Amino acid sequence: MARPARSIVLPLLVGILVVILLLESRYVKAMGEVAAMDDSAALMNTSSSGANWDAHSKHRRNMGVNGRVFCCYDNHIGSCNPGSEKDDHYCNYICKKHHCYKGGICKIRGKKFPNHFCHCFC
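When you number the sequence shown by the UniProt record's numbering, it's gap-free, plus one each residue, and the end is 122.
Hints may be right or wrong, so weigh each one.
To be verified - Straight-line Cα separation of at most 30 Å, DSS-like style, residue types lysine-lysine; simulated pairs:
no.	residue 1	residue 2
1	86	107
2	96	112
3	96	111
4	112	86
5	97	107
6	86	96
Stated by the list, open to error - Estimated spans, in silico, between C-beta atoms of each pair:
no.	residue 1	residue 2	range
7	121	22	39 to 45 Å
8	109	17	37 to 43 Å
9	17	108	40 to 46 Å
10	10	84	55 to 61 Å
11	26	70	22 to 28 Å
12	71	10	49 to 55 Å
13	20	109	32 to 38 Å
14	108	18	40 to 46 Å
15	12	71	46 to 52 Å
16	11	96	53 to 59 Å
17	15	83	51 to 57 Å
18	81	101	22 to 28 Å
19	122	16	45 to 51 Å
20	112	84	17 to 23 Å
Because the hints were derived from the structure by calculation, they are not lab data.
Small disclaimer: the values here were computed from a predicted structure and weren't measured.
In this text, a Cβ means the ideal position worked out from N, Cα and C, and glycines have one as well.
Construct the complete structure from the given sequences, taking the supplied hints into account.
Shown next as structure tokens:
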């Protein structure tokens with residue numbers, strides 16, 4: 001005798017939920033909890049870019065991709081306004097602090113968010 005379809009639905013939904021939870025936990029491990037929080041903080045940041053940053057603070061903005069800064073690359077560091085002395089100085093600081101010894105500047109690329117980047121020179 002065939003089983004009713006209703007008895008198959010609950011195990012199927014539980015299985016899907018378990019798969020989603022496993023994938024989510026692997027994502028957090030791969031990205032790191034700090035990087036995930038920094039990304040959400042950058043999306044929530046609506047204040048002006050030069051408000052109260054500290055060049056030695058790693059918590060003010062994101063530091064490139066997953067906390068890394070790449071040379072010859074547009075690193076997303078949060079809010080960064082080109083032409084702003086503080087923002088350009090901050091980009092220059094993080095590019096020189098890491099293995100890019102030639103500094104960097106703020107720039108806007110495209111119109112889709114996030115579009116404010118710190119470009120580290122080659």
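Status of each hint after checking the structure:
{"no.": "1", "hint": "86 - 107", "result": "13 Å, holds"}
{"no.": "2", "hint": "96 - 112", "result": "28 Å, holds"}
{"no.": "3", "hint": "96 - 111", "result": "28 Å, holds"}
{"no.": "4", "hint": "112 - 86", "result": "24 Å, holds"}
{"no.": "5", "hint": "97 - 107", "result": "19 Å, holds"}
{"no.": "6", "hint": "86 - 96", "result": "15 Å, holds"}
{"no.": "7", "hint": "121 - 22: 39 to 45 Å", "result": "42 Å, holds"}
{"no.": "8", "hint": "109 - 17: 37 to 43 Å", "result": "39 Å, holds"}
{"no.": "9", "hint": "17 - 108: 40 to 46 Å", "result": "41 Å, holds"}
{"no.": "10", "hint": "10 - 84: 55 to 61 Å", "result": "56 Å, holds"}
{"no.": "11", "hint": "26 - 70: 22 to 28 Å", "result": "24 Å, holds"}
{"no.": "12", "hint": "71 - 10: 49 to 55 Å", "result": "53 Å, holds"}
{"no.": "13", "hint": "20 - 109: 32 to 38 Å", "result": "33 Å, holds"}
{"no.": "14", "hint": "108 - 18: 40 to 46 Å", "result": "43 Å, holds"}
{"no.": "15", "hint": "12 - 71: 46 to 52 Å", "result": "49 Å, holds"}
{"no.": "16", "hint": "11 - 96: 53 to 59 Å", "result": "57 Å, holds"}
{"no.": "17", "hint": "15 - 83: 51 to 57 Å", "result": "54 Å, holds"}
{"no.": "18", "hint": "81 - 101: 22 to 28 Å", "result": "24 Å, holds"}
{"no.": "19", "hint": "122 - 16: 45 to 51 Å", "result": "47 Å, holds"}
{"no.": "20", "hint": "112 - 84: 17 to 23 Å", "result": "21 Å, holds"}
This entry satisfies every hint, going by the numbered hints stated previously.
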